[in-house]
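Model the full assembly from the supplied sequences, consistent with the hints where possible.
Chains A and B, in that order, give the protein sequences.
According to the working numbering, the stretch in the first sequence is residues 6 to 272, in order.
According to the working numbering, the stretch in the second sequence is residues 453 to 745, in order.
Since the hints were made in silico from the structure, they are not lab data.
Glycine residues also receive a C-beta, built at the ideal position from the N, C-alpha and C atoms.
Keep in mind that the hints are not guaranteed to be accurate.
Stated by the list, open to error - Simulated restraints, written as ranges between beta carbons of each label pair:
#, chain 1, residue 1, chain 2, residue 2, range
1, B, VAL728, A, ASP261, 26 to 32 Å
2, A, SER173, B, VAL718, 44 to 50 Å
3, B, ILE586, A, SER24, 27 to 33 Å
4, B, VAL724, A, GLN93, 36 to 42 Å
5, A, SER173, B, ARG736, 24 to 30 Å
6, A, SER24, B, ASN647, 27 to 33 Å
Claimed, not checked - Derived DSSO-like pairs: lysine-lysine, alpha-carbon spacing no greater than 27 Å straight-line:
#, chain 1, residue 1, chain 2, residue 2
7, A, LYS118, B, LYS734
8, A, LYS124, B, LYS734
9, A, LYS68, B, LYS574
10, B, LYS734, A, LYS28
11, A, LYS226, A, LYS214
12, A, LYS120, B, LYS734
To be verified - Heads up, incomplete: computed chain A residues facing chain B, CB under 8 Å, no partners named:
#, residue
13, PHE92
14, PHE98
15, THR254
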Amino acid sequence: MIIESPAIELRNVSRRFLSPEGKSFTAIRDFNMSVAQGEFVAVVGPTGCGKSTTLNLVTGLAKPSSGDAFVFGKPVEGIDKRIGFVFQTDALFPWRNVIDNVTAGPVFRGLGKAKANDKARDWLARVGLTRFEQHYPHQLSGGMRKRVALAQTFINEPQILLMDEPFSALDVQTRVLMHDELLSLWSGAKASVIFVTHDLEEAIALADKVYVLTAGPGTVKSIYPIDLPRPRIVADIRYDPKFIEISRTIWNDLRDEVKISSARAAA
Amino acid sequence: MADVTVSASLAGITASTTDAEIEARAAAAARKHSWLVVFWRLVVLALLLGSWELAARTGLIDEFFYSYPSAILVRLWELIRDGTDEAPLWYHLWVTMKESLLGFVFGSVGGIACGVALGRNKLLADIFSVYIKIFNAIPRVVLAPIFILLFGFDIWSKVVLSLVMVFFVVFANAFQGVREADRAMIANARILGANGWQVTRSVILPSAMSWIFASLHISFSFAIVGAIVGEFIGSRYGIGFIIQTARGLHDTAEMYATILIILLVVLLAEYVMTWVEHRLAKWRPAPFNEAGN
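As structure tokens, this is what we get:
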């Protein structure tokens, strides 16, 4: 029997920074995480606990100060082509129209413009933006821009999808629509996901597993499997008694860390 | 379209007023406003020129130093018709334009290239920034006599002076523009698969473009300053040469007429540049109240 290596593995990693004043501080320490192939993992924790740092270690944009990061069983070296990343802020290119934003990835990777356009139209249809391919980002609503960002990421067919509070800037109704959109894209793509958020309900509604981090320097406090059945309808699932029960359990755990973090911020 | 404030024309609007009526009223108000502006601009111009003319004719100001509008127009017409002893006016203008345009193109291409290179490479920036600061402290026009010595009386001494005037402005803005490029956008491009050159071309350059364009606006007039100062110091042709000759002959009307020509050229260049910028920047949201200036 062949044991499938996890899609992402972080083993005892720490990451230390130098602040602009030259002081060293630790963002995450003794951090362990394993994401199976096709698994959806959400990471929650108080502000400033190093959630985004974990994602950067997986992309190769940052290197661990100690410990090891693996992608499909191999150490992370540089940027892996199998990775897709959805940013918290608007990272679309404002000077390109919608379709040229979506084709960016394939064209960077050497695909011809015509083929890339065909592919992009397919993805724009899936996120419901066919009529907007000639629009520029500033002409779209926040939710539509996020859809473009999803199409831009998914067109590269990533096997690993990293999401850094991608929907935090959206209003509540749009956010729920985006959750369902994301789950349907994900179930088609079967990618492994790390979804960083500070919204616990969002984490539970989307993920197979929720990691709770301690207040910074961040390390894993506890891991909760979420055995809610799929496919899930995010707008309805939050009223499920089981959802509420899970939510209460994890919140009891998370609350202490949030208190520590906010006490520090006030100090 | 014009985003016009309609509050002034809102008097008398009731619940039964249709949108079309409100829009028509607002459009009429906007038209009225722009006619009013044009009218008063012309009045101001007529007053200025008229009092100048009157003051010179009545001897209130010395026409030897200040000349007056009608004399300047006559001299301008003579210049256009007859040129100078050396060459027709068009040839002088052509020489000055050639010098400024070459200086402008070389200076801005060089400025952008160096700005992007140093903006992208911290080590290079740290090494060279001190020299750039030192060289930048030299008022550029003091180099004119040296360039005349080095490159002679032909166009190249003026081209180099123009180039130096343009280079630093464009360089500083390109450098700043590159530094301001959004971190997330660069990370996004890299993860999507862009290599270093692709990041520069598709993220860094476009995002620095608005900074660069802001500098190109000013630097074209700098290029003309460079060319004309160079011509003052030593030349055979050019607008600066005409002004210098006219000064020798105490022909103030000719000096003013030449200034008028160069003023029109700079305005035209400014207009072309704005047009190009608008074409390139169609991705940007329209500024508020575009027609309200």
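Right, here's what the structure says about each hint:
1. B:VAL728 to A:ASP261: 26 to 32 Å: At 60 Å between Cβs, range violated.
2. A:SER173 to B:VAL718: 44 to 50 Å: holds, 49 Å
3. B:ILE586 to A:SER24: 27 to 33 Å: Between B:ILE586 and A:SER24, where Cβ atoms are some 32 Å apart, the hint holds.
4. B:VAL724 to A:GLN93: 36 to 42 Å: Holds, at about 41 Å.
5. A:SER173 to B:ARG736: 24 to 30 Å: holds, 26 Å
6. A:SER24 to B:ASN647: 27 to 33 Å: Between A:SER24 and B:ASN647, where Cβ atoms are some 31 Å apart, the hint holds.
7. A:LYS118 to B:LYS734: With Cα atoms ~22 Å apart, A:LYS118 and B:LYS734 stay inside 27 Å; holds.
8. A:LYS124 to B:LYS734: holds, 25 Å
9. A:LYS68 to B:LYS574: holds, 20 Å
10. B:LYS734 to A:LYS28: violated, 44 Å
11. A:LYS226 to A:LYS214: holds, 13 Å
12. A:LYS120 to B:LYS734: holds, 26 Å
13. PHE92: holds, 5 Å
14. PHE98: holds, 7 Å
15. THR254: violated, 34 Å
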